[in-house]
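Novice: The whole structure should be built from the sequences, with the hints applied where relevant.
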Amino acid sequence: MSEERPQRRPHGDRPKKRDVNGWIILDKGVGMTSTHAVAVVKRGLSAKKAGHAGTLDPLASGILPIALGEATKTVPFVMDGRKSYVFTVAWGAETTTDDTEGDVVEQTDRLPDPAMIEEYLPRFTGQVQQVPPRFSAIKIQGERAYDLARDGETVELQPRTVEIDRLALIHHAGNRSIIEADCGKGTYVRAIARDLGRALGCLGHIAALRRTRVGPFTEDDAVTVDDVASDPAALRPVEIALSEIPAIPVSRDMAGRLMRGQSIILRGRDAPLSGKVYATCNGVLIAVGDVERGEFVPHRVFNLGG
Numbered sequence: 001m002s003e004e005r006p007q008r009r010p011h012g013d014r015p016k017k018r019d020v021n022g023w024i025i026l027d028k029g030v031g032m033t034s035t036h037a038v039a040v041v042k043r044g045l046s047a048k049k050a051g052h053a054g055t056l057d058p059l060a061s062g063i064l065p066i067a068l069g070e071a072t073k074t075v076p077f078v079m080d081g082r083k084s085y086v087f088t089v090a091w092g093a094e095t096t097t098d099d100t101e102g103d104v105v106e107q108t109d110r111l112p113d114p115a116m117i118e119e120y121l122p123r124f125t126g127q128v129q130q131v132p133p134r135f136s137a138i139k140i141q142g143e144r145a146y147d148l149a150r151d152g153e154t155v156e157l158q159p160r161t162v163e164i165d166r167l168a169l170i171h172h173a174g175n176r177s178i179i180e181a182d183c184g185k186g187t188y189v190r191a192i193a194r195d196l197g198r199a200l201g202c203l204g205h206i207a208a209l210r211r212t213r214v215g216p217f218t219e220d221d222a223v224t225v226d227d228v229a230s231d232p233a234a235l236r237p238v239e240i241a242l243s244e245i246p247a248i249p250v251s252r253d254m255a256g257r258l259m260r261g262q263s264i265i266l267r268g269r270d271a272p273l274s275g276k277v278y279a280t281c282n283g284v285l286i287a288v289g290d291v292e293r294g295e296f297v298p299h300r301v302f303n304l305g306g
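Under the working numbering, the first residue of the sequence shown carries the number 1, and numbering increases by one thereafter.
Don't take each hint at face value.
[Claimed, not checked] Computed spacing ranges between beta-carbons, pair by pair:
1) 33 / 129: 28 to 34 Å
2) 273 / 104: 23 to 29 Å
3) 269 / 292: 35 to 41 Å
4) 263 / 116: 55 to 61 Å
5) 157 / 184: 23 to 29 Å
6) 18 / 262: 27 to 33 Å
7) 126 / 297: 30 to 36 Å
8) 297 / 51: 21 to 27 Å
9) 263 / 158: 37 to 43 Å
10) 292 / 107: 53 to 59 Å
11) 39 / 131: 28 to 34 Å
I should point out that these hints are in silico values taken from the structure, not numbers from a laboratory.
Quantities reported herein were computed from a predicted structural model and do not represent experimental measurements.
No residue lacks a Cβ here, since even glycine has one placed at the ideal position from N, Cα and C.
Specialist: What follows is the structure in structure tokens.
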């Protein structure tokens, strides 16, 4: 009796991975992790490589920029950009996670009125010292803070300087307030709600959170998960992440040097003398780097064909 061989999966069952280069500005829904969102987009486009520019909590919705292929080289430029949020604070309780997912650790019957909130908001703008939530992705001796906190270990995080450009109260009713925030890299909105609640003596935690801007990307750029595979316009060009720095056109010979990691001398009356720029050749992104005394030194080179 011959041995039965296992049947092989037909080649057509699993799409072949392909080179996909560009950005998907995803409007992530509540309940989805950032890692899962990246996996869904990557699978939907059969892309070889993908990553996101800034984690968004599962309980939060909004802008999650996802880089594909060569666009992953531009992620730092998006991560360093300013961010905007709209969030709802529930007054009267503080939780272990500083949002509705955690256990209540302290409660009060005291509630703020709109005038109190608007009086205190300026104290939390500018450069401020902020202690990140215990349930955060910050590493402590190689371990994520949220992993340590879930294991019951005491998590002591040090204050960090963050920049909060604007806080504005846009609605208040009962024990809920809706606030808009514009802030810089590393700011935790959950910590804003926690610290504001403590300062007001009312305690507070995040009841809802939506990110409306990340660097150059806004809600006008965003697409849903369903749009990713069905709408070709959902994939934005790699260089869209570099929109806040100057672009310079270079010749084919210069492009060849940059692609080999070599610096070039920029000539001409309009050539930049210093600063961060990116180079294109015939409309194709070639490299991004720094100019110093007219010399362009590439830090990232791109393989986009053309």
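Novice: For each hint, tell me whether it holds in the structure or not.
Specialist: Evaluation of the provided hints:
1. 33 / 129: 28 to 34 Å: 29 Å, holds
2. 273 / 104: 23 to 29 Å: Taking Cβ atoms as reference, residue 273 and residue 104 lie about 58 Å apart, which means the hint is violated.
3. 269 / 292: 35 to 41 Å: Once the Cβ atoms are compared, 19 Å apart, the range 35 to 41 Å for residue 292 and residue 269 is violated.
4. 263 / 116: 55 to 61 Å: 57 Å, holds
5. 157 / 184: 23 to 29 Å: 18 Å, violated
6. 18 / 262: 27 to 33 Å: Hint holds: Cβ distance 30 Å, inside 27 to 33 Å.
7. 126 / 297: 30 to 36 Å: 34 Å, holds
8. 297 / 51: 21 to 27 Å: 25 Å, holds
9. 263 / 158: 37 to 43 Å: Given a distance of about 39 Å, which is inside 37 to 43 Å, the answer is holds.
10. 292 / 107: 53 to 59 Å: 57 Å, holds
11. 39 / 131: 28 to 34 Å: 32 Å, holds
In this structure, the hints that do not hold are numbers 2, 3, 5, in rising order.
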